[in-house]
Structure formats: C-alpha cells, structure tokens
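**Student:** Chains A and B supply the protein sequences, listed in that same order. Heads up: the first sequence runs through residues 955 to 1070, numbered per the working numbering. Heads up: the second sequence runs through residues 16 to 127, numbered per the working numbering.
There's no promise every hint is true.
The calculated label-pair distances, taken between Cβ atoms and stated as ranges, are [as the list claims (entries may be wrong)]:
hint	chain 1	residue 1	chain 2	residue 2	range
1	B	Asp53	A	Gly1007	32 to 38 Å
2	A	Tyr993	B	Glu71	36 to 42 Å
3	A	Asp962	B	Ser97	16 to 22 Å
4	A	Ser1013	B	Gly78	21 to 27 Å
5	B	Lys28	A	Pro1070	37 to 43 Å
Covered stretches of chain B, as calculated for chain A (at least 3 residues, CB under 8 Å) [what the hints assert, rightly or not]:
hint	region
6	88-102
7	112-121
Bear in mind the hints are in silico, worked out from the structure with no lab data behind them. Glycine included, every Cβ here is placed at the ideal spot set by N, Cα and C.
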Amino acid sequence: AQSVTQLDSQVPVFEEAPVELRCNYSSSVSVYLFWYVQYPNQGLQLLLKYLSGSTLVESINGFEAEFNKSQTSFHLRKPSVHISDTAEYFCAVRVNWDSSASKIIFGSGTRLSIRP
Amino acid sequence: DVKVTQSSRYLVKRTGEKVFLECVQDMDHENMFWYRQDPGLGLRLIYFSYDVKMKEKGDIPEGYSVSREKKERFSLILESASTNQTSMYLCASSTRTNEKLFFGSGTQLSVL
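Based on the sequences and whatever the hints tell you, model everything.
**Tutor:** Take a look at the structure:
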C-alpha cells in the first residue's frame, strides 16, 4: 500500500539556521507529491507540489523540495528560517484509485519550532 | 477564492449519539474528503467521494459513514459516537486531478 513517512515528529532550530524536514514515500507508480503547512490556529494550506518536470520545486516563502525517485524522498528545505515559519508541516502523496479517481494520503506531520 | 465551510467549529456530544458533520464547497469540485487529525498521527483519511452519490473508504472508515447527495455537500456521520472518535475533523475538496486540496477550518469534536 502506498504510504508517506515523515521521520521527525519535531524539529527545533534557531532562527536563521537551515532546516530540512524529511519525507519518504512508497509508491510503485508515478507520483504527485505535496507539502502542506498548518500555521498555529490556522487551516491547512498547500506549500508546494511536484507533479512532473523539474525535480526541484519552490514555494513563495523560500522553501524548496526535491523529488528523488531513486531514494523515494521529497525532503523540504529552507536555507534560513524565520520565526514566522513556526508551523506543522505535512508531506502528502496522491494515490490513484482507479482510472478516473485518486486520493491524497498524508504523513504524520513534523512540528517545526523556531528559537530566537 | 475557494471556500470550504464546515458547519460547526466545536461540537460536544455524548457517547452513543448520532453525529452529523456537514461540509459545503463553492467551487464545483468533483472530489471531497473527510480526514481526522490527531496529534502525532497526522491526517488520516476516513472517506472520500469523487462524484455525487459515489463514496470510497479511506484508511479508517470504521464507525463512520458518509453521504453525498449534491455535488457541493459532503456529510460525515458517526452512527453511534464513541470517546475514541474525539478528534479534529477536516473536510477538503479539489478538482478531479487532486493537484491542490482546499481545507475547511475544521470541527473539533469531543465525545463525552
């Protein structure tokens, strides 16, 4: 069965330090991969996605993720974090259900906390 | 902007009650989803629907049922609420290709 594994439940980092949030997926077919973010007391929203093409995708607030097929990974990185990046981050994969339908499966989430 | 509206932000119910959670989207999306979010477990898919009157089980359907009589509305039903169904319930919708999910603000359900 397809699944998503987020290896770290919590990641504390200092402000302006780099961060990597790890995500591995299992899938035997072509994948769509996503990172969603949930800021404190807010709803989930899409941060970035890989559908096809360039394996490196970027968000508008400086995050990037690289699709690595050989390692079945889609790690999220940012070279310098800010207090405003404090949030819970969820990796997700689209799983095809049949020829016309699909579903989205999420990982268990990584809580990123930024220390001043 | 797409709007996904969940009928209640907080609900408190008693064990054994029948509970209805309603979700409405305004963008004519084909797909709708119900997840529950629990600390340390992330989002787990309960049910999803890819068309009117169509429904498919997710990873944790036990104790739940759904109804989609109209394209814009997707209801989650707890036939007989139990304490282990205390959770945050999230509804989402998307187009058929699922390239982006739009989430509601969630319903925090407490079953006493």
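**Student:** All hints are to be evaluated individually against the structure, with a verdict given for each.
**Tutor:** Do the hints match the structure? See the list:
1. B:Asp53 / A:Gly1007: 32 to 38 Å: Since the Cβ atoms of Asp53 (chain B) and Gly1007 (chain A) sit about 35 Å apart, the hinted range of 32 to 38 Å holds.
2. A:Tyr993 / B:Glu71: 36 to 42 Å: 30 Å, violated
3. A:Asp962 / B:Ser97: 16 to 22 Å: 31 Å, violated
4. A:Ser1013 / B:Gly78: 21 to 27 Å: Since Ser1013 (chain A) and Gly78 (chain B) have Cβ atoms about 37 Å apart, the given range 21 to 27 Å is violated.
5. B:Lys28 / A:Pro1070: 37 to 43 Å: Cβ of Lys28 (chain B) to Cβ of Pro1070 (chain A): about 41 Å, so the range 37 to 43 Å holds.
6. 88-102: violated (count 0)
7. 112-121: It holds, with 9 qualifying residues against the three required.
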